[in-house]
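Engineer: Keeping their order, the protein sequence lines are chains F and U. Position 654 of the first sequence, counting from 1, maps to 654 under my numbering, and the rest follow consecutively. Position 559 of the second sequence, counting from 1, maps to 559 under my numbering, and the rest follow consecutively.
Because the hints were derived from the structure by calculation, they are not lab data. Do not rely on the hints blindly, as some may be mistaken.
Because identical chains cannot be distinguished in the list, a pair is counted as satisfied if it fits within a single copy or across any two copies.
To be verified - No farther apart than 27 Å at their CA atoms in a straight line, the calculated lysine-lysine pairs in the DSS-like style are these:
{"no.": "1", "residue 1": "Lys467", "residue 2": "Lys40"}
{"no.": "2", "residue 1": "Lys454", "residue 2": "Lys40"}
{"no.": "3", "residue 1": "Lys454", "residue 2": "Lys42"}
{"no.": "4", "residue 1": "Lys280", "residue 2": "Lys76"}
{"no.": "5", "residue 1": "Lys40", "residue 2": "Lys182"}
{"no.": "6", "residue 1": "Lys76", "residue 2": "Lys454"}
{"no.": "7", "residue 1": "Lys267", "residue 2": "Lys42"}
{"no.": "8", "residue 1": "Lys76", "residue 2": "Lys182"}
{"no.": "9", "residue 1": "Lys467", "residue 2": "Lys27"}
{"no.": "10", "residue 1": "Lys454", "residue 2": "Lys5"}
{"no.": "11", "residue 1": "Lys454", "residue 2": "Lys182"}
{"no.": "12", "residue 1": "Lys467", "residue 2": "Lys26"}
{"no.": "13", "residue 1": "Lys103", "residue 2": "Lys322"}
{"no.": "14", "residue 1": "Lys653", "residue 2": "Lys76"}
{"no.": "15", "residue 1": "Lys630", "residue 2": "Lys28"}
{"no.": "16", "residue 1": "Lys25", "residue 2": "Lys630"}
{"no.": "17", "residue 1": "Lys467", "residue 2": "Lys42"}
{"no.": "18", "residue 1": "Lys467", "residue 2": "Lys25"}
{"no.": "19", "residue 1": "Lys267", "residue 2": "Lys291"}
{"no.": "20", "residue 1": "Lys467", "residue 2": "Lys28"}
{"no.": "21", "residue 1": "Lys76", "residue 2": "Lys413"}
There are 2 protein chains.
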Amino acid sequence: MDNAKNLLLLFERPQEPVFLPKGDKKKKVINAPTEFLNEKHKTYITTVVSRLGESNETVPVPKISIPPMDEFLVLKRDEAFSLFIDKHRALAGKLINLFLSVKTVGHLMAVGVYAREHLNPQLFSYAFAVALRHRPDTKDLPIPSVVHSFPDKFVENRVIGRAREEVTIVPEENRTPIEIPKDFTASDLDEEHRLHYFREDIGVNLHHWYWHQVYPGRGPRQVIDKDRRGELFFYMHQQIIARYNCERLANSLKRVARLTEWSQPIKEAYFPKLDRLISKRSYAGRVANAKLQNLARTVDDSFVDVQQLEHWRDTILDAINKGVVVDRNNREVPLDEFGGIDILGNIIEATELSINPQLYGNLHNQGHNMISLIHDPDHRHLEEPGVMGDVATAMRDPIFYRWHAFIDSILQKFKATLPRYTEAQLNYPGIEVTGVEISTENAPANTLNTFWQKSDVNIANGLDFQKTGDIFVRVTHLQHQLFTYQITVDNASGRARSGTCRIFLAPKQDERGNPWQFQEQRTMFMELDKFKVDLTPGSNRITRMSTQSSVTIPFERTYRDVAKRPTDDAGIAEWNFCGCGWPQNMLVPRGKQEGMPMELFVMISNYDDDRVDVEFNGRCDDAYSFCGLKDRLYPDRRSMGYPFDRQARDGVKTLQEFLTPNMRVTNVNVKFTNRVFMRQPK
Amino acid sequence: MDNAKNLLLLFERPQEPVFLPKGDKKKKVINAPTEFLNEKHKTYITTVVSRLGESNETVPVPKISIPPMDEFLVLKRDEAFSLFIDKHRALAGKLINLFLSVKTVGHLMAVGVYAREHLNPQLFSYAFAVALRHRPDTKDLPIPSVVHSFPDKFVENRVIGRAREEVTIVPEENRTPIEIPKDFTASDLDEEHRLHYFREDIGVNLHHWYWHQVYPGRGPRQVIDKDRRGELFFYMHQQIIARYNCERLANSLKRVARLTEWSQPIKEAYFPKLDRLISKRSYAGRVANAKLQNLARTVDDSFVDVQQLEHWRDTILDAINKGVVVDRNNREVPLDEFGGIDILGNIIEATELSINPQLYGNLHNQGHNMISLIHDPDHRHLEEPGVMGDVATAMRDPIFYRWHAFIDSILQKFKATLPRYTEAQLNYPGIEVTGVEISTENAPANTLNTFWQKSDVNIANGLDFQKTGDIFVRVTHLQHQLFTYQITVDNASGRARSGTCRIFLAPKQDERGNPWQFQEQRTMFMELDKFKVDLTPGSNRITRMSTQSSVTIPFERTYRDVAKRPTDDAGIAEWNFCGCGWPQNMLVPRGKQEGMPMELFVMISNYDDDRVDVEFNGRCDDAYSFCGLKDRLYPDRRSMGYPFDRQARDGVKTLQEFLTPNMRVTNVNVKFTNRVFMRQPK
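Given the sequences, and given the hints that come with them, work out the whole structure.
Structural biologist: Next up, the structure:
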């Protein structure tokens with residue numbers, strides 16, 4: 001394990017030559033064979049290394065024969081890497097495979113050193129991280145957060161510049177965190193800017209990046225073919241839209257408009273103010289009223305017309321309407337009640353698992369590309385993609401939600417074709433939820449309090465070619481007061497039963513201030529938690545803390561500092577390295593200063609129908625609702641989003657009418673205080 | 001003078017605290033009183049300075065009382081400064097005044113140190129340089145080229161990033177110049193890109209920056225009220241358009257289309273790939289088909305509608321048609337043959353010399369602003385101007401030429417109202433040009449050879465917060481083979497005469513390959529040289545070298561290296577510090593590989609009508625055609641552009657018909673070799 005840990009040094013300062021000091025206090029020097037270095041670095045390695053001093057620990061690198069890597073050089077070192085571009089995804093897939101095929105950890109160090117020296121730093125970091133996550137001998141390594149190696153994807157360039165200044169001229173003991181202004185991308189003249197705290201949240205974007213790292217679209221079968229990954233693509237993004245829409249209502253905006261008029265100007269503009277540290281090119285802004293253009297970019301083999309997107313969309317809708325897809329051998333495969341959504345998720349995203357890529361194409365990815373390259377669709381201006389072309393940055397742009405609302409609407413069309421849940425499928429005979437309450441310290445019952453908080457992130461490992469020492473940036477993000485659910489359940493069945501407690505939250509009113517029709521409110525429900533409960537006969541009292549949510553990762557995992565990670569194996573397991581998961585600080589929607597009425601929905605479903613034969617082992621288990629369990633089955637047999645994933649049974653017009661005795665709804669008030677509070681102790 | 005030279009240290013590394021080492025080998029430390037430092041720097045000055053070592057020379061700074069500078073703080077340190085923005089120009093004007101009013105060089109050091117610590121670095125550098133140029137006690141200081149302090153305005157960000165990498169990890173003796181790719185802003189899919197070598201030439205952009213520094217639009221009267229500056233604004237820009245059009249013809253493009261349809265999409269896009277090192281924001285690209293928008297930016301007091309531009313244009317055209325402008329007191333002032341163009345130049349630019357800013361507005365500057373802010377006209381996205389908002393970068397953008405072709409067309413309308421030159425006004429009785437030939441070594445007579453050349457520029461002083469030592473970037477630029485004019489003149493007047501030899505060049509054919517009508521070719525003539533000749537009776541042979549051009553500054557002044565400048569006063573005078581002037585390497589238009597037929601026009605005008613009572617003194621005299629003489633009268637009494645500045649007399653349809661005996665035209669072939677040649681010895 002100790003040897004394996006040295007692999008993590010390769011994530012530090014991704015642009016620097018591999019032989020510059022790494023690790024805590026920069027005490028480790030990777031003793032790379034000169035043959036492994038890139039030509040440019042070879043010329044001065046002796047001069048540099050002789051200056052490094054004596055006190056360093058040397059990390060040995062075996063001089064083995066390196067597998068050929070020439071094919072990866074088509075992506076130049078200073079080009080922008082994008083998982084949405086087929087060519088890049090294919091390269092990443094092959095490189096992951098290569099890293100997986102290396103026999104030992106020692107050899108992997110050698111191959112990693114060589115790859116880092118020669119390949120595009122983003123391609124290397126991505127593929128190396130995915131490979132480490134999936135190799136039996138490295139899968140428990142605490143891979144550093146991408147925000148540390150690539151802060152440019154999360155932190156505005158001006159702040160990075162100040163950090164560069166600070167580390168150069170201010171002695172470490174005098175440094176103070178550099179504040180990221182809350183409103184750096186736009187002003188309130190831009191109404192979409194009201195949502196910046198959601199779109200630009202570091203944790204939200206980290207989640208999205210990690211999700212796509214845990215669920216890559218291309219690569220070795222063992223990496224991509226995960227339990228229900230197509231369905232999870234659908235559900236995780238559906239939940240993001242639900243959450244975004246809730247934030248929009250809280251900010252007096254209508255729900256997001258699906259991006260469906262592809263020949264019309266897109267009115268939302270976005271200027272990310274992020275600069276790529278690798279390619280030294282900024283993430284291009286998108287001006288107001290830009291129109292989608294046919295892509296014809298030789299540089300990344302991106303050739304796709306708007307008409308092609310339309311055709312893929314129509315072909316997929318046809319399949320949904322017929323209830324049948326056609327596989328690569330022209331065999332019909334029915335879109336059934338449970339597996340259908342998984343097939344469609346993989347088709348639409350699209351991943352290598354797509355049942356027929358030739359027929360159903362690459363709708364979601366190419367939409368990302370077309371939007372991200374709207375300013376230079378044929379590469380005549382040598383421009384790189386905007387934020388929509390990078391999974392680490394895409395969620396910053398308002399258009400992300402318009403595009404995904406469209407993608408979601410296709411999948412909802414499929415869901416509308418499914419049999420509706422009968423009362424029997426919803427009810428849990430004998431089980432009644434008799435009380436639901438939220439308790440928040442010093443607040444009236446059923447109140448959720450939100451506010452601003454500031455947290456620090458160390459970006460020192462992302463500042464290549466600078467002096468060492470910690471340097472923090474200070475982020476202002478949404479936060480909420482810790483709370484607990486108090487749920488009482490009556491078990492009249494006369495024997496011990498088990499159930500799954502499912503907790504959702506949705507706004508009580510629509511944009512007009514009217515109560516919802518169930519059909520609309522259904523898609524607004526945000527999952528807050530899901531957990532198994534054991535019910536003794538009679539009355540049961542369930543207490544659950546907000547921090548236990550199955551949706552979120554612990555706060556410290558977003559704002560963790562790699563330098564301070566535990567070093568013993570037990571500590572590492574506890575630290576729990578998996579970055580996928582909704583950030584804890586964004587669990588509760590912002591609400592309104594005057595309070596925003598919401599409905600908290602709690603359901604106890606019958607565990608016999610939920611149960612999956614899988615063990616929780618404490619490894620990346622926290623956020624399984626959105627991220628699954630690492631290398632195991634998705635731990636809930638129901639369709640994701642159950643019971644809200646389908647149209648309601650006949651006659652149900654309102655949430656109240658939808659309820660069976662094992663469900664209960666409580667009015668909750670989400671109150672936002674527009675002030676910054678100090679970091680809240682956990 | 002030695003003390004004064006220390007003032008130049010304030011131009012180095014504009015973002016660093018003033019007390020960090022400066023000068024050659026970073027041997028000088030400015031001993032700034034702690035009170036002068038900005039708050040942030042005060043906290044660690046002792047720690048930093050104690051680390052600087054002993055071997056430094058200390059530059060004393062007197063602890064005087066500093067004039068109040070609070071009013072300049074409205075421009076934040078990290079905001080982009082633009083001379084086109086009224087508010088910024090007004091600030092710069094006041095700051096220049098403040099620097100001019102400081103009594104002694106010693107006090108100026110103190111005021112400069114304080115200003116540098118507290119004010120926006122670009123505002124400071126601009127105003128300080130203008131003030132140094134205009135103070136009697138500093139006007140001969142060799143002010144470092146802006147490309148050294150602000151390389152970000154001239155060098156693409158990717159190259160600056162590589163330079164940062166190089167200075168950090170490569171020992172100085174192993175460093176190699178970093179190549180700027182020839183095609184970094186676009187590919188040949190963009191037909192405008194064919195002209196990139198002209199638009200992105202470092203010398204061309206430096207010239208434009210210096211011109212606006214020598215001729216600021218706002219400031220103390222003694223700085224702005226220079227002889228014929230309004231006319232020079234017209235002529236210098238007219239010549240740029242003539243040169244640009246010649247390059248367009250050489251590249252199979254039509255002459256540039258005036259930007260006149262202000263409600264229509266602008267088809268030319270431009271993505272500069274430059275990032276501001278001060279504000280850490282990139283110069284925004286302009287997408288294809290953007291439309292001018294009304295500006296309403298509180299941040300820089302920019303409020304101007306497209307309608308307002310139309311109104312200013314129409315008011316100016318009215319004045320031209322009436323031949324009369326109205327001054328601030330509603331008095332009519334005629335636009336006469338010689339002074340009219342000067343009045344109009346100042347009105348249109350517009351400068352503080354405008355005869356009536358309320359009436360005639362600010363057409364040219366606001367056009368620059370409106371274009372540069374086209375992506376964020378109301379500042380909702382907190383964006384900074386594109387390249388058109390900065391005199392150091394504006395010429396990179398194809399739209400610059402469309403805008404200035406429009407501006408030029410207004411001034412040409414005025415020129416069309418003037419009396420045409422009679423044969424008597426053109427002729428020089430008794431003087432006949434009998435022969436004109438261009439000699440280029442190893443080439444047929446009348447051949448001009450052009451090719452690519454690479455030159456290095458040291459940008460170390462622009463890399464704030466980095467290690468020291470030289471670091472060069474390598475630029476590929478147009479160059480031509482040295483040549484000489486051989487002119488024979490017959491003086492039949494029987495006595496010694498003087499004349500002004502005026503040399504112009506124009507393409508021989510229009511876009512269609514047809515010979516020009518004089519009326520069109522007239523505006524295509526590029527001035528190559530202008531100089532006084534003394535003619536003895538009988539035949540005279542004039543030999544003039546291309547490097548002596550009155551249009552250009554010496555090649556070394558563009559690609560000069562401040563670190564290598566002479567240190568003795570005589571050396572400094574010889575070095576000749578004035579940066580204004582067309583770059584020598586761009587004297588000859590590119591031409592075509594198969595050869596491009598041009599017409600070389602030589603005229604000897606009567607010196608009695610040209611003469612101005614002014615002495616040449618070797619200070620910034622080289623490029624007087626475009627830049628005038630420093631602090632002296634423009635040394636040619638004729639209208640600028642004579643004899644091509646007006647419509648031709650009746651009956652003249654072709655250049656041949658235009659000629660009087662004191663003029664002669666020779667066919668010249670401009671042959672371009674599409675290869676890089678080594679730097680040519682002068």
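Engineer: Identify every previously stated hint that the structure contradicts and give their numbers, smallest first.
Structural biologist: Structure breaks hints 7, 10, 13, 14, 15, 16 and 21.
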